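J.: Could you put together the complete structure from these sequences and hints?
Protein sequences appear in the order of chains A and B.
With the numbering used here as the guide, the letters of the first sequence map in order to residues 1 to 284.
With the numbering used here as the guide, the letters of the second sequence map in order to residues 1001 to 1280.
There are no misleading hints in this set.
Below, in silico cross-link-like pairs of lysine to any residue (SDA-like), each with a Cα-Cα straight-line distance of 25 Å or less: (1) B:K1129 x B:D1180; (2) A:K199 x A:R187; (3) B:K1129 x B:Y1108; (4) B:K1054 x A:A133; (5) B:K1129 x A:G276; (6) B:K1172 x A:D272.
Think of the hints as simulated: they come from the structure by calculation, not from any bench.
Predicted, not measured: the structure shown is a model, and the values here were computed from it.
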Amino acid sequence: MAGPVGRYPDSTGRRAFRYLLIAAVAVTFVLSLRTAQVDPRLLLDPQALSNVARFVSGALPPRVDREFLAFLVRPIAETVQISVMGMVLAVLIGAPLGLLATSSLTWRGILHERATRAGRVLGGLLPYGLARALLSVFRSIPEYVWAFMFVRAVGLGPFPGVLALGVAYGGMLGKVYSEILEGVNPRPLEALHAAGAGKSGVVLYGLVPEALPHVVSYTLYRWECAIRASAIMGFVGAGGLGQQIELSMRMFQFDEVLTLLAVLLALVGAVDFVSGRVRAKVVG
Amino acid sequence: MVRLAAIPALRWGPWLTAAGVVALVIWSYHGTRVDVATLLSGEALGQIAAYVSKLFPPDLSPRTLRDALDGAVETFAISLIGSVLSVCVAFPLALTATRTILYRGILYEGQRLGPGDRAVRLAVYAVAKSVLAVLRTVPEIVWALIFVFIVGLGPFPGVLALGVHTGGVLGKLFGDVLEDVDPRPLEALQSTGASRLGIVLYGILPQALPQFASYALYRWEVNIRAAAIMGFVGAGGLGQRIHFAISLFHEQQLLTLILAVYLMVTLVDALSAWLRARLV
Chain A
1 MAGPVGRYPD STGRRAFRYL LIAAVAVTFV LSLRTAQVDP RLLLDPQALS NVARFVSGAL
61 PPRVDREFLA FLVRPIAETV QISVMGMVLA VLIGAPLGLL ATSSLTWRGI LHERATRAGR
121 VLGGLLPYGL ARALLSVFRS IPEYVWAFMF VRAVGLGPFP GVLALGVAYG GMLGKVYSEI
181 LEGVNPRPLE ALHAAGAGKS GVVLYGLVPE ALPHVVSYTL YRWECAIRAS AIMGFVGAGG
241 LGQQIELSMR MFQFDEVLTL LAVLLALVGA VDFVSGRVRA KVVG
Chain B
1001 MVRLAAIPAL RWGPWLTAAG VVALVIWSYH GTRVDVATLL SGEALGQIAA YVSKLFPPDL
1061 SPRTLRDALD GAVETFAISL IGSVLSVCVA FPLALTATRT ILYRGILYEG QRLGPGDRAV
1121 RLAVYAVAKS VLAVLRTVPE IVWALIFVFI VGLGPFPGVL ALGVHTGGVL GKLFGDVLED
1181 VDPRPLEALQ STGASRLGIV LYGILPQALP QFASYALYRW EVNIRAAAIM GFVGAGGLGQ
1241 RIHFAISLFH EQQLLTLILA VYLMVTLVDA LSAWLRARLV
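T.: Below, the structure written as structure tokens:
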């Protein structure tokens, strides 16, 4: 409550603003309840209850016969592979765009002290703006929508999943990379500059060493998210465990669904563990 | 990395890690049948370019715009109600999944618990923890499938799916906040003779609530994206319309809908950031 207070010096204005905000939230909430057709009675409806019973009795016990488990090896491997290749592509997209979208690299700060105004705008601000816009579009469209479109463009299979992850996560990585780079302590850069280092020298020996651990750590964290995403991208035909979960769900094979979810849980847990260990080493 | 190399015992660590990463990438490269040569030689790029050109120009006829607006409003409603529901799910579970509230720490320094009482509380803690783990491990789209099966098509199963999955995520985050509160105010309260409930109400919660609000708003930003795709399995919103547009090859309508997703996501991000600046 501290920040905005100063902007409303008279307390009646401030109070009126707060009541207005609360009223707006309340109205939005009530309207949203209607739009979302929320009806808790549906949950206690006999039909719903019998559906729950059908789901639970169908899911227990989970299907763990050898044939099914052997069949699962491929979708599991595919899920991991999509996440890895997706992250490789995401770094390839996010790193260059992220560098361009870093204001201290393209048009602001000590690297550009001597640049002319026109040089700054044309050589820096323009690519900077373009890169920002591109990153924003990449990450604002959910990966499933990307996946669906890539399935249409290049056909079914893991490849559209890789492309979708690469584009959507590239957008996120690029934005965060640029934030990390802009947050780097400028003093060592100034020292390098004063010692006569050129632009590339400042970037290579000042910026990169400071930013790298954070960049690696965030990329690994994103990989943890990517394994979840790649596991469900199959819902739109992009391979992996998701495709199998969707199929089993549609065929009402809830015992298979339960096994698949357990496998997903184990997989996500394993990736979190590995990535957490590596992250602790890199940053710690 | 440099620091690691300086420790003799770990000299091989970075190299092993690097080798592991390279092996993983090679294995994945073959498994996903990504063919850089074909991709760059033009066939796949041509396919993508052909598809992209079909998207333009976006369909801006009144009917499509009306449909996109309806979908956007529905998506917004799903994300908002789903987020509120998730807080309602997370709050009680987080309280019961916090050791420092349930059975140890400052609250229990004065009067120790009997062994039976302690066992019951441990069991409650374990149950709440595992419920949270299950809720958040099942992806929201799978929850959506399950709820569509239970209550039928429409935005309501989307709300339930978001509420349940995000409830699990927030429950864990809330629990971490509760365990990390500054103990000094609690000690002060305890020394004035406050009861356990008093310490929780006036010592722990006031410290935790701003963080709760901040996390809830952050998850709302995640949920607007999730709500936009929930419709793929029949849970309303823009996702359902996108699914139709893609399945029926209405590419120009698809672009309009994607623009609507983009606007919606940007709007909620801005709104959430604005609210967060005011609340926290």
